[in-house]
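Trainee: Sequence:
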Amino acid sequence: MTSETSLLSTRAVPPRERLIAALDVPSPDDARRLVTALGDAVCFYKLGFELLMSGAYFALADELAGAGKKLFLDLKLYDIPETVGRAMRSLRARRAQFVTVHYGARVLEAACRERGELGILAVTVLTSIGPDDLRDLGYPAGVAAEQLVIERARRAFEIGCEGVVASPLEAARIRAAVGPKLAIVTPGIRPATAADDQRRVATPRAAFESGADYIVVGRPIRDAVDPRGAALAIQETIASVFA
4 MTSETSLLST RAVPPRERLI AALDVPSPDD ARRLVTALGD AVCFYKLGFE LLMSGAYFAL
64 ADELAGAGKK LFLDLKLYDI PETVGRAMRS LRARRAQFVT VHYGARVLEA ACRERGELGI
124 LAVTVLTSIG PDDLRDLGYP AGVAAEQLVI ERARRAFEIG CEGVVASPLE AARIRAAVGP
184 KLAIVTPGIR PATAADDQRR VATPRAAFES GADYIVVGRP IRDAVDPRGA ALAIQETIAS
244 VFA
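Counting in the numbering used here, the sequence shown runs from 4 upward without gaps.
Because the hints were derived from the structure by calculation, they are not lab data.
Among the hints, a few may not be true.
[To be verified] Cut-off 16 Å, straight-line C-alpha distance, at most; resulting in silico cross-link-like pairs (EDC-like, lysine to aspartate or glutamate): (1) Lys79 <-> Glu165; (2) Lys184 <-> Glu161; (3) Lys79 <-> Glu53; (4) Lys72 <-> Glu117; (5) Lys79 <-> Asp43; (6) Lys73 <-> Asp43; (7) Lys72 <-> Glu20; (8) Lys73 <-> Glu20; (9) Lys73 <-> Glu120; (10) Lys184 <-> Glu165.
[As the list claims (entries may be wrong)] Here are the simulated distance ranges between beta carbons: (11) Gly232 <-> Glu20: 13 to 21 Å; (12) Ala246 <-> Pro84: 23 to 31 Å; (13) Gly133 <-> Arg19: 18 to 26 Å; (14) Ser9 <-> Ala59: 27 to 35 Å; (15) Leu140 <-> Thr13: 19 to 27 Å.
C-beta atoms are modelled at their ideal positions from N, C-alpha and C, and glycine is treated no differently.
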């Protein structure tokens, strides 16, 4: 461990459940093949937009839940509050741990009112967003993504969200601003140095030592020559961090 040990998550989560593998593949069959290849190396999966467009998203989600897997439904819901509330009511029957909702105070309030047992994760600022993107969205030149993330994380906590999705580079500041009760789920995890189209990235160890509770790993596992081996290597890192 490092001098940043005090930032480590104190949530009662088994270390192996802190790795969420992203099923960012085009079809349920591709997802099943990856899940089979990973075996017991991964017990928590994220299902995102690509699978949603396959037409069998919820059938696959139910299948994975029935097999004892934990689920993160990365739907990034965003609409008027009433519509998001109705969507949450429909999602209650799904045996998922997390569902994402794009930041918006009234939208998050509606989602939290109707969540049932689902944990709402507020999407603060996408990890692909950089300064040029913020300017395109109409923010003044002086506004940084990190500033928006902290402000939105604090508000999401006040509203009652289970956690936030945020870059590992902002995890420490979120933890300092909000404390240990808000779950921090971090995408943009790269065991190697390649950052591809994600702007704000970190290694698994760095993410956890910065305060992340869970990490989401996609391409480094999915595209590995040995996906199971890649996942096990990350699990070994997690076990050492939380030893």
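Trainee: Give a verdict on every hint.
Mentor: Evaluation of the provided hints:
no. : hint                         : result
1   : Lys79 <-> Glu165             : holds (15 Å)
2   : Lys184 <-> Glu161            : holds (11 Å)
3   : Lys79 <-> Glu53              : holds (12 Å)
4   : Lys72 <-> Glu117             : violated (24 Å)
5   : Lys79 <-> Asp43              : violated (28 Å)
6   : Lys73 <-> Asp43              : holds (12 Å)
7   : Lys72 <-> Glu20              : holds (10 Å)
8   : Lys73 <-> Glu20              : holds (8 Å)
9   : Lys73 <-> Glu120             : holds (13 Å)
10  : Lys184 <-> Glu165            : holds (8 Å)
11  : Gly232 <-> Glu20: 13 to 21 Å : holds (20 Å)
12  : Ala246 <-> Pro84: 23 to 31 Å : violated (44 Å)
13  : Gly133 <-> Arg19: 18 to 26 Å : violated (33 Å)
14  : Ser9 <-> Ala59: 27 to 35 Å   : violated (44 Å)
15  : Leu140 <-> Thr13: 19 to 27 Å : violated (35 Å)
Of the numbered hints stated above, those contradicted by the structure are hints 4, 5, 12, 13, 14, 15, listed in ascending order.
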